[in-house]
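Engineer: Which chain is which? The protein sequence lines are D and F, in order. Residue numbers for the first sequence follow our numbering, so the first one is 709 and each next one is one higher. Residue numbers for the second sequence follow our numbering, so the first one is 7 and each next one is one higher.
What the hints contain is simulated information worked out from the structure, not anything from laboratory work.
Subject to a maximum C-alpha distance of 25 Å in a straight line, what follows is the list of computed DSS-like cross-link-like pairs (lysine-lysine):
no., chain 1, residue 1, chain 2, residue 2
1, F, K109, D, K750
2, F, K45, F, K109
3, D, K750, F, K45
4, D, K773, D, K750
5, D, K750, F, K51
6, F, K51, D, K766
7, F, K30, D, K751
8, D, K766, F, K37
9, F, K113, D, K750
10, F, K113, D, K751
11, D, K751, F, K109
Here are the chains, one letter per residue:
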Amino acid sequence: EVQLVESGEGLVQPGSSMKLSCVASGFTFSNYGMNWIRQAPKKGLEWIALIYYDSSSKYYADSVKGRFTISRDNSKNTLYLEMNSLRSEDTAMYYCAKGYGVMDAWGQGASVTVSS
Amino acid sequence: DIQMTQSPSVLSASVGDRVTLNCKASQNINKYLNWYQQKLGEAPKLLIYNTNNLQTGIPSRFSGSGSGTDYTLTISSLQPEDVATYFCFQHNSWPGTFGGGTKLELK
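Start from the sequences, fold in the hints, and give me the full structure.
Structural biologist: Spelled out as C-alpha cells, the structure:
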C-alpha cells in the first residue's frame, strides 16, 4: 500500500523559515516524480512544486519561486520542502503527492500557520 | 501560466441524477487533464487522469471527456457518498494549475 506521511507542521512568524518532510513507502520512491500542493483555509488547491525522480529538474509556482525549495533524498525515501521568507498568505495545509503530472497518491497533509 | 475555470462553483442535485461538471482551460491542454475529489477534512483523491482514464478502484459511474480547452466530468447516477468538492488539474505545461473547484451538494 502506498503511503505518504508529511511532518514538520507548526506555527511560525512572518519572515521565518520552516522545512516539511514527506516519507514515502509502498512503492519505489526513486522512480517517481514528487509534488507539493497546498490548500489555504476554506480555499482551493494550489500546486506549488515538482521534482523529477532523479532531482534533475524542478518546477515551482510563481507564488513560491525564489522562496521555497523542493528536494529529495532517495536513500531515505523522503521528499522535502524548505520554505523561507514565510508570509501570512503561505498559511495552508501542505500535501505531498506522488507522480509526474498524474498525482495518484497524496499524504494526509501538514498544517503550516504563519502568524505573529 | 494556464488558467483553469470550473463551472458551476456549486451544484445541487438529487440521488440518481446525472451530473456534469465543467472545466475550461485558457489554452489547449492536449487532454492532460485530471479530476480530483476532495471530501470534507480529507486529502484529494484522483478520479480521472488524462481526460478519460478511470483511476483504479473508482466506480464506473464516473467518466471524463473533452479536448482542446473544454473538459467534463460526468457522474451517471449521483450517490450520497459523491458529496464532495471536485477539482480539475492541467499538467500540459508547468506550473500545473487547478481549477477553483465545484462543490457538489445533495438537493
